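Visitor: Take a look at the letters that make up each chain.
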Amino acid sequence: MTYLIRGKIALFIKVIFVTLIVSVLLLLAQSAFAQKEYVISAFLAIAVLLLALTYLTKISIPLKFFIPGILLLTAFVLGPILYTVTMSGFNYKTGNIISKEEAIVQIKVRGIESAPSGQTFDIKLGTYEGNPAILASDINTSEYFISTQGDRIPLVASALTFNEYGVAVEAPNFTPLTDSEFATADKLFTGARFTFDDRFFIALEGFEAGVVSQQVLEYLPESDQFKNLVNGGIYTDNGRGNYALTDDKNAILEPGWRAPIWFENYSKIVTDSRVREPLVRVFLWTVVFALLTVLTTFALGLLLALALNKPIRGRRIYRSILVLPYAMPSVMSILIWGGMFNTEFGAINTLLGTNIAWFSDPNFARVAVILVNLWLGFPYFYLISSGSLQAIPSELMEAAAIDGANPRQIFRKITLPLLLQILSPLLIASFAYNFNNFNLIYLLTGGGPRNELDGEIAGATDILISYTYKIAFGSGTQDLGLASAISLIIFILVASISLYSLRKSKVLETFA
Amino acid sequence: MKTKRFGFAGVIAAFALAVSTLVAPSANAATEIVVWADESRGPNLAKVIAAKGDWVSGYTVKVVTFSSFDALKDAFDKATDASGPDIVVGGNDWVPTGAKSGKLAPITLTAAVKARFNQTQFVDLTYKGKLYGVPVDINNVAMIYNTKLVSTAPKTFGEMVSNYKALKASKGLKAGLCIAGGGMSWGAHSVFSALGADAYQFNSRGGIVYGRAFNATTFGKNVRTYLMDGKKSNGFFPATDTGCKDNFLAGTVPYAVIGNWEWADYVAKGFTMNLMPVPGVADGTYGKMFGSVSGAMLTTFASKHGVESGAKSLLTNFFASTDGQVRYQALEKRPPAEKGAQADSTVSAAQRGFGSAASLAGIPQIGAFLNSNKGGANYWDSAPAYWTAVLIDGKDAVKEASKLASIWRANTDGGKGDL
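Which chain is which? The protein sequence lines are A and B, in order.
Numbering-wise, this note's numbering comes out as the position in the first sequence, counting from 1, plus 22.
Position 363 (the second sequence) corresponds to 343 in this note's numbering; numbering is contiguous.
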């Protein structure tokens, strides 16, 4: 078998495999380029180049093993981190999403308003003397005319042909578009201004209707301003992603655009009491929640592992049952627990004969969160503790027993220290995971309870990541820039805590 | 050897380029109008539009269906110039954010098209004086009652409470009235308003008065009278909507507020029930409920795809037409928004029932206020907390109502500029 995939066959397989990968990446690069995602497109193109160089030359043998990991790490870890860092320096929120160029185009479009008369016409699209034109009919006033982008030609009814609704469909020198020409004419007619009078023009609203309109806002490219043609108001770039009225900074034109505001999102975390105060409380609860979760799940998992480490009848069945909570999708488990904790209809209150408002009282809600996470998390620690117990040489325990140590001393002085040494990285990883355990909080309590009536933003069980989510996506106004800044702080916190713990546990030394 | 390797690289690069060019996605055809809709509306729109192919001459219409309403909203939030739809069928609360973010484009309807709708329906789809879509279907809630538990329609809120107390022990009732559809804010607004907390305050001409809220004292006292025994809930009205539907179907709750989108499910389960607005404190009065509309909204992507006029024509020729709405609602089974379709003989009894409930006590949702947090909090986000504070935490019903009322005042006062 080994012989079969050497030589030309191996080369052929490699060529096919690399070709397929490169083809897919090129396709994605092309697609990204077409969607104007130039950074993604460039990254994919570089990835193609690197893959081809790595696998089709002998430039570096180790790189053949590392390059997939390096590319994936760049795409899915470094890329998002860099993007988050960048966005944290922008005014990037609802109303400030698109680019400035797009915003200018859209403000111009919104700067067209229908005339105060609200007059509209039934229209027929066509050409007049070779130019795009509309044949307009007002069936209420029997007013008919042909309008081009430079002229308006009045018509008399006797010269026209009408459809069953009284709308003119044919006129002298007017060539109507055929059905098949409509789609190709869309770009030509959309946005065109057909003459109405000196002040107003007719803008198309579909292929059947024209609305008498006027341009209210005009863009002045030389000064990068918008001018209100009705009242003379001037809107200038306020440096925060909007055109604002010179006399009233709060009067802005929409939509706005993403604009750099540098460190303002970070300073807002400190200076805005509505953000700062909940953040401190949420941070403290996040640390408590992550610590309690790790301690309780580890304690229960270890206890069960110790109990089932001894040969007892039905051990396999017990082990299978204990793994069940881990095997079940956590989303389902959380939702079921949510139902069971319901105050009025929940199974827990029914069984206990109580009427506890589990998700309305802050303390009970926190207890519920810890209990549910204990249910979800203990099988993991049971499994790894069981495995680790097997790895501890039994001679150590036997020697201690011969020296007169009782089981409690053996556990405290030998088993637990050795277990902790083995499991430290996993305990730290579990802490970091629970620091960001969004699913549990979001699905079980939604971060609540919180007293919205008193203006609270964060709930009693909100952890940093769910609080960030609320800021970013939780209400009608999404503040992605501020959420990015908080995410970055969370990242630094988790990374610092994890690194400190790893150093303290001296785990890294074992890899040295 | 190196030359040979680089030769291979050249071959592979050429081959890869060829393959990728062959399978490269073609740009949206300029004669195709793309409509995005959720898992319920999408398949029905696709069928109806395909059955009559000439809604807009010269164009084909492609309906893209998403797995849920939330998935649709999520996709629309992330849509780009290349991937975005030309028309999206969504909730009216999308209008303020979609318009602010430059994803929705304004439209101007002719008087003839406008006349096909109740004018208040346009309020839902308006932001800062501009219209962003046409009304497609009515979303409202109404109260149903289990005719096996209570044989007649209650005339007052107090009658429901009395019925509950009388039947509680013998029928094993878990609650009297609960919210199965619309949540403890929108769905429960009919209960709020039945007890005196109508969000919108109208003037004598029927216009909304901004910066004014309900009478917190009157409402709070009614809550104490009908929903509480001293400082505790009397069990008639649960503070959450969890389990409401199951308990109503199990016959342990006689009255429930449901959304019209859920009606078919209750019927499919063979349930016997009647439909009405939530009765008020006084005989002949009713709680107000939302008669809001979902809209077919024009996006700014249509212009970039070169199909803006075609998309506008689809809005008026199909979505805003009697013919289009009759055909569509024959499958979708929601109350149609268009007047001609509402009057059509094909409209079912349930569609009419919800329609008449809406006409008895329906109010517009007003997209501009839905997400307003002027004053620091949002009324609709905060409303569920009232029930928790009073019915579970035992806080003072009047004091908490005052807090809610002040949030509403701030929201409307600050948000009226967005209308």
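Keep in mind that a hint or two might mislead.
As a list, the in silico SDA-like pairs of lysine to any residue whose alpha-carbon atoms are at most 20 Å apart [claimed, not checked]: (1) B:108 <-> A:273; (2) A:526 <-> A:415; (3) A:209 <-> B:37; (4) A:130 <-> B:37; (5) B:108 <-> A:133; (6) B:284 <-> A:127; (7) B:284 <-> A:415; (8) A:209 <-> B:10; (9) B:108 <-> A:499; (10) B:154 <-> A:269; (11) B:148 <-> A:526; (12) A:435 <-> A:464; (13) B:154 <-> A:103; (14) B:108 <-> A:270; (15) B:110 <-> A:213.
Partner residues are not named here, just some residues of chain A that face chain B (Cβ under 10 Å, in silico) [said to hold, decoys possible]: (16) 132; (17) 202; (18) 217; (19) 228; (20) 276; (21) 278; (22) 296; (23) 472.
These stretches of chain A come out as covered by chain B in the derived footprint (C-beta under 8 Å, 3 or more residues) [said to hold, decoys possible]: (24) 230 to 240; (25) 473 to 485.
The set of hints was computed from the structure by calculation and includes no laboratory data.
Quantities reported herein were computed from a predicted structural model and do not represent experimental measurements.
Quick reminder that beta carbons are idealized off the backbone N, C-alpha and C, glycines included.
Visitor: Look at each hint and say if it fits the structure.
Guide: Okay, the hints, checked on the actual structure:
1. B:108 <-> A:273: OK: residue 108 of chain B and residue 273 of chain A at ~12 Å, within 20 Å.
2. A:526 <-> A:415: violated (25 Å)
3. A:209 <-> B:37: Measuring from Cα to Cα gives roughly 15 Å; hence the hint holds.
4. A:130 <-> B:37: The hint is violated at about 29 Å.
5. B:108 <-> A:133: holds (12 Å)
6. B:284 <-> A:127: Between residue 284 of chain B and residue 127 of chain A the Cα gap is close to 11 Å, so the pair holds against 20 Å.
7. B:284 <-> A:415: Roughly 70 Å separates the two Cα atoms, so the pair is violated.
8. A:209 <-> B:10: holds (9 Å)
9. B:108 <-> A:499: holds (16 Å)
10. B:154 <-> A:269: Violated, because 60 Å separates the two Cα atoms, which is more than 20 Å.
11. B:148 <-> A:526: With Cα atoms ~62 Å apart, residue 148 of chain B and residue 526 of chain A exceed 20 Å; violated.
12. A:435 <-> A:464: Not OK: residue 435 of chain A and residue 464 of chain A at ~41 Å, beyond 20 Å, violated.
13. B:154 <-> A:103: violated (50 Å)
14. B:108 <-> A:270: holds (18 Å)
15. B:110 <-> A:213: holds (17 Å)
16. 132: holds (6 Å)
17. 202: holds (6 Å)
18. 217: violated (18 Å)
19. 228: holds (4 Å)
20. 276: holds (5 Å)
21. 278: holds (8 Å)
22. 296: holds (7 Å)
23. 472: At 7 Å from the nearest chain B Cβ, residue 472 of chain A passes the 10 Å test, so the hint holds.
24. 230 to 240: holds (count 4)
25. 473 to 485: Since three or more residues must qualify, the claim that chain B covers the segment 473 to 485 of chain A holds, with 5 doing so at under 8 Å.
Hint violations for this structure: numbers 2, 4, 7, 10, 11, 12, 13 and 18, all remaining hints satisfied.
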